[in-house]
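> Residue numbers (our numbering), protein chains in the order written: chain A, 20 to 333; chain B, 32 to 531.
Since the hints were made in silico from the structure, they are not lab data.
In this text, a Cβ means the ideal position worked out from N, Cα and C, and glycines have one as well.
The reader is advised that the hints may include incorrect statements.
As the list claims (entries may be wrong) - With a straight-line Cα cutoff of 27 Å, these simulated DSS-like cross-link-like pairs (lysine-lysine) come out:
| # | chain 1 | residue 1 | chain 2 | residue 2 |
| --- | --- | --- | --- | --- |
| 1 | B | Lys41 | A | Lys26 |
| 2 | B | Lys374 | A | Lys26 |
| 3 | A | Lys26 | B | Lys427 |
| 4 | B | Lys403 | A | Lys223 |
Claimed, not checked - With the C-beta cut set under 7 Å, the calculated list includes, among others, these residues of chain B facing chain A:
| # | residue |
| --- | --- |
| 5 | Met32 |
| 6 | Leu130 |
| 7 | Gly131 |
| 8 | Ser398 |
| 9 | Val401 |
| 10 | Ser405 |
| 11 | Ala409 |
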Amino acid sequence: MNLTRLKPYLPWITLVTLTLLVGIANPAFFNPVGLMGLVADIVPLFIMALGMTFAIYIGGIDLSMQQMANLVTVVATVYLAQFGIAVAFICIITGFLFGAISGFVTTRLYVPSFVSTLAVGFVALSGAKYLSGERALSMDATLRNESFGWMFTTVAGIPSELIIAGVLLFIAWFLQTRTTFGRALKAVGSGELAAVASGLNVDKIKILAFAISGTFAAIAGLMFSVKLSGGDANLANGFLLLAIVAVLVGGTPLTGGVGGVINTVIGTLIVVVIRSAMIYLEVDATQQQMVFGVVLIAAIALTIDRSKLRGIVK
Amino acid sequence: MYQLNAVDKKFPGVHALKAVDFEIKRGEIVGLVGENGAGKSTLMKVIYGAYQPDGGSITIDGKAVRFSNPRQAMDHGIGMVFQEQSLILNLTVMENIFLGYEQQFVSYGVINWKKMAAAARHQLSKVKLDIDPATITSELSFAQRQLVELAKVLTLEERVDGDLVILLDEPTSVLAKEEVELLFKLVRELTNRASFIFVSHRMDEVLDLSDRIYVMKDGAVVDVVAHDEAKVDAIQHKMVGRDVDKEYYREQKQRPYSDEVLVSFDGVSDGRKYRDMSFDLHRGEVLCLVGTEGSGREAILRTIFGLETPTEGSVSIKGNRITRFNAQNGVALGVGYIPRERKIEGIVNGMNVYENMTLSQMANYSSGGVLKTSDEKALARDWIQRLAIKTPDVYKDCGGLSGGNQQKVVLAKWRSGGSDIILLDHPTRGLDIGAKEDVYEMVRAMCDDGAGIVLVADTLEEAIGLSHTILVLKDGKFQKRFDGRPGEKPSLYDLVHHMI
Numbered sequence: 020m021n022l023t024r025l026k027p028y029l030p031w032i033t034l035v036t037l038t039l040l041v042g043i044a045n046p047a048f049f050n051p052v053g054l055m056g057l058v059a060d061i062v063p064l065f066i067m068a069l070g071m072t073f074a075i076y077i078g079g080i081d082l083s084m085q086q087m088a089n090l091v092t093v094v095a096t097v098y099l100a101q102f103g104i105a106v107a108f109i110c111i112i113t114g115f116l117f118g119a120i121s122g123f124v125t126t127r128l129y130v131p132s133f134v135s136t137l138a139v140g141f142v143a144l145s146g147a148k149y150l151s152g153e154r155a156l157s158m159d160a161t162l163r164n165e166s167f168g169w170m171f172t173t174v175a176g177i178p179s180e181l182i183i184a185g186v187l188l189f190i191a192w193f194l195q196t197r198t199t200f201g202r203a204l205k206a207v208g209s210g211e212l213a214a215v216a217s218g219l220n221v222d223k224i225k226i227l228a229f230a231i232s233g234t235f236a237a238i239a240g241l242m243f244s245v246k247l248s249g250g251d252a253n254l255a256n257g258f259l260l261l262a263i264v265a266v267l268v269g270g271t272p273l274t275g276g277v278g279g280v281i282n283t284v285i286g287t288l289i290v291v292v293i294r295s296a297m298i299y300l301e302v303d304a305t306q307q308q309m310v311f312g313v314v315l316i317a318a319i320a321l322t323i324d325r326s327k328l329r330g331i332v333k
Numbered sequence: 032m033y034q035l036n037a038v039d040k041k042f043p044g045v046h047a048l049k050a051v052d053f054e055i056k057r058g059e060i061v062g063l064v065g066e067n068g069a070g071k072s073t074l075m076k077v078i079y080g081a082y083q084p085d086g087g088s089i090t091i092d093g094k095a096v097r098f099s100n101p102r103q104a105m106d107h108g109i110g111m112v113f114q115e116q117s118l119i120l121n122l123t124v125m126e127n128i129f130l131g132y133e134q135q136f137v138s139y140g141v142i143n144w145k146k147m148a149a150a151a152r153h154q155l156s157k158v159k160l161d162i163d164p165a166t167i168t169s170e171l172s173f174a175q176r177q178l179v180e181l182a183k184v185l186t187l188e189e190r191v192d193g194d195l196v197i198l199l200d201e202p203t204s205v206l207a208k209e210e211v212e213l214l215f216k217l218v219r220e221l222t223n224r225a226s227f228i229f230v231s232h233r234m235d236e237v238l239d240l241s242d243r244i245y246v247m248k249d250g251a252v253v254d255v256v257a258h259d260e261a262k263v264d265a266i267q268h269k270m271v272g273r274d275v276d277k278e279y280y281r282e283q284k285q286r287p288y289s290d291e292v293l294v295s296f297d298g299v300s301d302g303r304k305y306r307d308m309s310f311d312l313h314r315g316e317v318l319c320l321v322g323t324e325g326s327g328r329e330a331i332l333r334t335i336f337g338l339e340t341p342t343e344g345s346v347s348i349k350g351n352r353i354t355r356f357n358a359q360n361g362v363a364l365g366v367g368y369i370p371r372e373r374k375i376e377g378i379v380n381g382m383n384v385y386e387n388m389t390l391s392q393m394a395n396y397s398s399g400g401v402l403k404t405s406d407e408k409a410l411a412r413d414w415i416q417r418l419a420i421k422t423p424d425v426y427k428d429c430g431g432l433s434g435g436n437q438q439k440v441v442l443a444k445w446r447s448g449g450s451d452i453i454l455l456d457h458p459t460r461g462l463d464i465g466a467k468e469d470v471y472e473m474v475r476a477m478c479d480d481g482a483g484i485v486l487v488a489d490t491l492e493e494a495i496g497l498s499h500t501i502l503v504l505k506d507g508k509f510q511k512r513f514d515g516r517p518g519e520k521p522s523l524y525d526l527v528h529h530m531i
């Protein structure tokens, strides 16, 4: 069996192999309660990776997600007292708008998405710093529990966070596989020129894709902020790399068009397993990013569709 | 001197070269002719080292050689003068001539420009081009650039011991008649230093220049003709495998078109590629735009589809004057576009048959934005049957279909959506004969159904055979209109005369 045929199954094989390896080294890993906790812990990352999937699926990337989440943690903390649970809408709209701006800059001003989103990310970061006065803010415990306490309950033994992740996954999956928008995303990711020549409004589709990734970044930021009961401009740092790794090891290549949100589920689980393995092996926190950096390069090299690059990489 | 023995080359799904024997003698000019897709360019690429053969051998003076890249071929004296001009336009002429071989002018890590200019002047004198080597290449005319290309290849003379083989790929396609004569004179003079392989679509030129002519068809050499025995008809017969006759283009199925105007151009310019275009496309009409590469044909198609906004004049589609040019409007008005680059613009490689067919009309196969996949599949099954598309099922990735079947999928996409203004850009490029005939049948069938077709044909014969009306363009300007009623079609010569 050659590598091309194997490629679609690579993420699954990786996940199972890694899980078994970690499990054999540390049988306590398979404890269901511990596992569920581990998974629930990763929900904000998973949501961010879901959003990232849309940007990468069309052959772009969204480097603003981490800063967007940072901004949202501050927005949520600052405006919680004033708006209560409605602050969630403010957060989501913020994410949607910032994402749409990235999309606009990418499509209408012809700035490649890795630059446009990087720039928009810095705008968001500076917004977060301004709004927070560069301090770590915390939420009023009563207000937080009144509005968002339900996030930490369990339903039939399943943490609500996991249910939220499940609902968002369903929405993302439905969008991607069942709607005309999802089909258009695939067309843009697989063959943008053909999509243009079929009369699709490619600019609109791309702007929407970035708006969706911004929205997911905002939801991730909101959950993060509620979890840690506060907000500051650095709260979500470290998540960007992991989100990109999750999407790429899941099997959605940087060139776009294949893979999708289900792959991102696998990818996120792989990240979880690698992370817990590193904790078990007592890899220093400062070195963990290094490991993920290497994993990222390996994942890109394995998944990228070289025929689409036509030999030119800059 | 230079020989290919039973050279074979395969690509996924295509047997591009079938045991090709090819020989070129010292000082000889060898012509190479064949239809598009006959394997000429593959053969050229094998010769100058861009492709490695899967079978057979290459020998120079009896010694076997193997090139892994063009540079190695160059070291053996084999150079290519490219059709679409390999010069980098923002470099000077001398930088282009010695691109990649600057080392000879370097002392202490710095290029000695005077030395390079002198050497460049020497090369330019070989092709009788009297220009300053420090000229920026973009300032030269096409004909001058073509000569610079040749001069660049002729640097092999100094670099390589032994004989040279120089490939000329369609060198005359952008040249005027006098320039062609000059080039030919030059090539004949140069045969004391090099052998030439000359590829051209223009049969008369090949006959005029070549000592021997290789005729290719479907990846094989079907005949080798000596200069004195060469006849255009006989060679064409061999190339196509039969006489090029009226049957081929389904002329007996060409019916008069109606009075109803579908597309109307009135004094339209796009400010760059064409200007002051006026014409009407009627229901049931095949209107063919004829001209050389860069004459503005493609830009006109893109304007009709809505991808390019004109700067002057008015465009009406079915009586609606177009004010906002975008592809969504075009599609809504019934325009369907079949672009030249089938694999990257026509089909989406990575999407299956039904996804490709409904891509331009998803609104009809969805409600509230949710796709009705079973309707899509039903549509695909229907059109697979109607157009006899060869695919195992509707789930097959279109990237894996053959060229002809990909083209059918693209046509099905537009026809099933009710498009009745069909823009065809080189619809038969790279297709084999059978698939071409399928496309011709479809063109006639679409006209019978009341569609109007704007065609940019792959060959002039195709343009003449298929069209009701021919508009000849040159450098973005309208030259002449021909009516092509069956039996009263213009000749090749009539058209070429106005093209260049």
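> If a hint holds in the structure, say so; if it doesn't, say that too.
So, going through the hints one by one against the coordinates:
| no. | hint | result |
| --- | --- | --- |
| 1 | Lys41(B) x Lys26(A) | holds (25 Å) |
| 2 | Lys374(B) x Lys26(A) | holds (23 Å) |
| 3 | Lys26(A) x Lys427(B) | holds (18 Å) |
| 4 | Lys403(B) x Lys223(A) | holds (22 Å) |
| 5 | Met32 | violated (33 Å) |
| 6 | Leu130 | violated (18 Å) |
| 7 | Gly131 | violated (17 Å) |
| 8 | Ser398 | violated (10 Å) |
| 9 | Val401 | holds (6 Å) |
| 10 | Ser405 | violated (13 Å) |
| 11 | Ala409 | violated (17 Å) |
The structure fails to meet hints 5, 6, 7, 8, 10, 11 from the earlier list, while all remaining hints are met.
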